[in-house]
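Chains as they are written, first to last, in my numbering: chain A, 1 to 81; chain B, 1 to 229; chain C, 1 to 112.
Because the hints were derived from the structure by calculation, they are not lab data.
It is possible that some hints are incorrect.
[Stated by the list, open to error] Beta-carbon label-pair distances, calculated as ranges:
id, chain 1, residue 1, chain 2, residue 2, range
1, C, R108, B, G157, 41 to 47 Å
2, B, T85, C, T101, 17 to 23 Å
3, A, Y78, B, D45, 26 to 32 Å
4, C, M1, B, G157, 48 to 54 Å
Quantities reported herein were computed from a predicted structural model and do not represent experimental measurements.
A virtual CB, placed ideally from N, CA and C, is assigned to each residue, including glycine.
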Amino acid sequence: MIEVAVGFLVIAMIIFSVYAAETGDLMYAVVAVMAVSLIVSMLFYVLQAPDVAMAEAAIGAGLTTAVFVLAIKKTERYEHD
Amino acid sequence: MIKRLVSIIILAVVITSLFMVLSETAPFGDDETVVSHRYIYKGVDETGSANLVTAVVLNYRGFDTLGEVTVLFVAATGVGAALYTRKHPVRKNKVEASLIVKTGSKLLFPMMLLFGAYIFVHGHLTPGGGFQGGAVIATAFVFKYISDTRYSIDHVGFTKMESASGMIFAGLGIMGLLLGGYFLLNILPNGTPGELISAGILPIIYIAIGIKVGAELTGIIDRMMGVEA
Amino acid sequence: MMFYFASAALIAIGIYMLMVKKNLIKMILGLSVIDSGVNLLLISIGYINGKTAPIIQPGVSPSNVVDPLPQALVLTNIVIGVSVTALALSVVIRVYKHYKTLNSSEVRDLKW
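All chains should be built: construct the whole structure from the sequences, respecting the hints.
Structure follows, in C-alpha cells:
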C-alpha cells in the first residue's frame with residue numbers, strides 16, 4: 001500500500017520537475033519547484049525523518065518560494081530564448 | 001538542439017553509474033554505520049536528549065552547528081551587501097492587500113510566533129528544533145509583510161537579538177572550555193530524558209539558534225522586499 | 001530502490017537545467033532541485049527497513065530506530081541551501097540592474 005503511494009508521489013515529483021525545467025514562465029517554474037519540495041518532504045516523512053520533513057516543508061516549500069517570487073518581481077517574469 | 005542531446009546523454013551515463021555504485025555499496029534499507037551505532041545506543045545516556053537528531057546536531061557535532069550558523073550569518077550579510085542602496089529603501093507597493101488577508105494575518109501572526117517558539121523549546125523531546133522554529137517565525141513575518149504595505153521590522157532590535165543569541169551559543173561553548181576542558185561541554189546535569197527541563201545545555205542552545213535563525217531569515221526577506229527595481 | 005531512483009532523477013534534471021538553460025533564475029532553480037535530490041539521497045541511505053524515527057520514548061528501544069546521522073547532516077544542509085539561494089538571487093538582481101537582462105550569454109562578463 002505504502003509502496004503504491006510512494007510510486008505515485010515519485011512520478012508526480014518527476015513530472016513537476018520536468019515541467020519546471022521546460023516552462024518559459026518563471027513564476028510557474030517556481031511554483032512547480034515548490035511542489036517538488038513539498039513531495040520531497042512527504043518522502044522524508046515516509047523515510048522516518050520527521051525533523052527533516054518539518055525543515056523541508058517550512059524552508060524548502062515556504063521561504064525559498066518567497067525569496068524566488070521576490071527576485072522575479074524585481075527582475076522579469078518571462079524567459080526569452 | 002545538439003547541445004541539449006549531448007547533455008542528456010552525458011547525464012544518463014553519469015546517473016546510471018551513480019545508481020549502480022550506490023546499489024553495490026549502500027543497498028537500500030541496510031544497517032547503520034559504526035559511528036551511528038554509538039550515537040543510537042549511548043546517545044540518551046550521554047546527552048539526556050530523547051530526540052537523537054538533536055543529540056547529534058547539538059552535542060556530538062555542536063562545533064559543526066556553530067560553523068553552520070556562521071555560514072548563515074555570512075550569507076545574510078552578503079545579501080545585505082549585494083542589495084545595498086545609498087538611501088534607505090522604501091517599499092512602494094501600489095496594490096493594497098484585501099480585507100481577508102489583512103484580518104487573517106492579524107489573527108494568525110501571534111499564533112505562528114507561538115508555534116515557532118513551541119517547536120524550538122521542545123526540540124530535545126519531539127521532532128523539530130531551532131532551525132525549523134526559526135523558519136516558522138520568519139514565515140510569520142513574511143505574512144506580516146504581505147498584509148501591510150507599509151510594515152517594516154525594527155532593524156536595531158533584530159540585530160541586537162541576533163547578536164545576543166549568537167553570543168549565548170559561543171559563550172556556552174567557551175564556558176565548557178573553561179570548566180571542563182573542551183568546547184561545548186555539557187556543564188548542566190542531564191536530568192530525566194523525556195522531561196522539558198532535561199538534556200543540560202541543549203534546550204538553551206536550541207532557543208538561541210531559533211531566535212538567531214528567525215532573525216536572520218527575516219532580515220533576508222526584509223532586504224529582498226525593500227530594494228527598488 | 002524507488003527512493004534512489006527518485007533522487008537520481010532529481011539530480012539529473014537539476015544538472016540538465018544548469019547545463020542547457022540560459023536564464024539565470026532558471027539556473028538557480030536548478031541548483032535548488034539538485035539540493036532536494038541530494039537531501040533525499042542522504043536520507044534514503046540512512047533508512048533501515050522496518051525501523052522507526054530516531055526519538056527514544058517509552059516503547060521505542062534503541063535497537064529499533066533508523067540512523068540519525070544523515071538526518072542531522074541534511075537538517076543543516078537545508079538551512080544553508082536557502083541562505084545560499086538568497087545570496088545568489090541578490091547577486092542576480094544586481095546583474096539585472098546593471099545589464100538589463102537575465103540571459104547569461106548576453107551578460108558580457110559571464111560569457112563562456
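Comparing the hints with the structure gives:
Checked against the given bound of 41 to 47 Å, the beta carbons of R108 of chain C and G157 of chain B, roughly 42 Å apart, stay inside it. At about 21 Å, the CB distance of T85 of chain B to T101 of chain C agrees with the hint of 17 to 23 Å. Between Y78 of chain A and D45 of chain B the beta carbon distance is about 59 Å. The supplied range of 26 to 32 Å is therefore violated. Remark: the range hint 48 to 54 Å for M1 of chain C to G157 of chain B is upheld by a beta-carbon distance near 51 Å.
Going through the hint list in order, the structure does not satisfy hint 3, though it satisfies all others.
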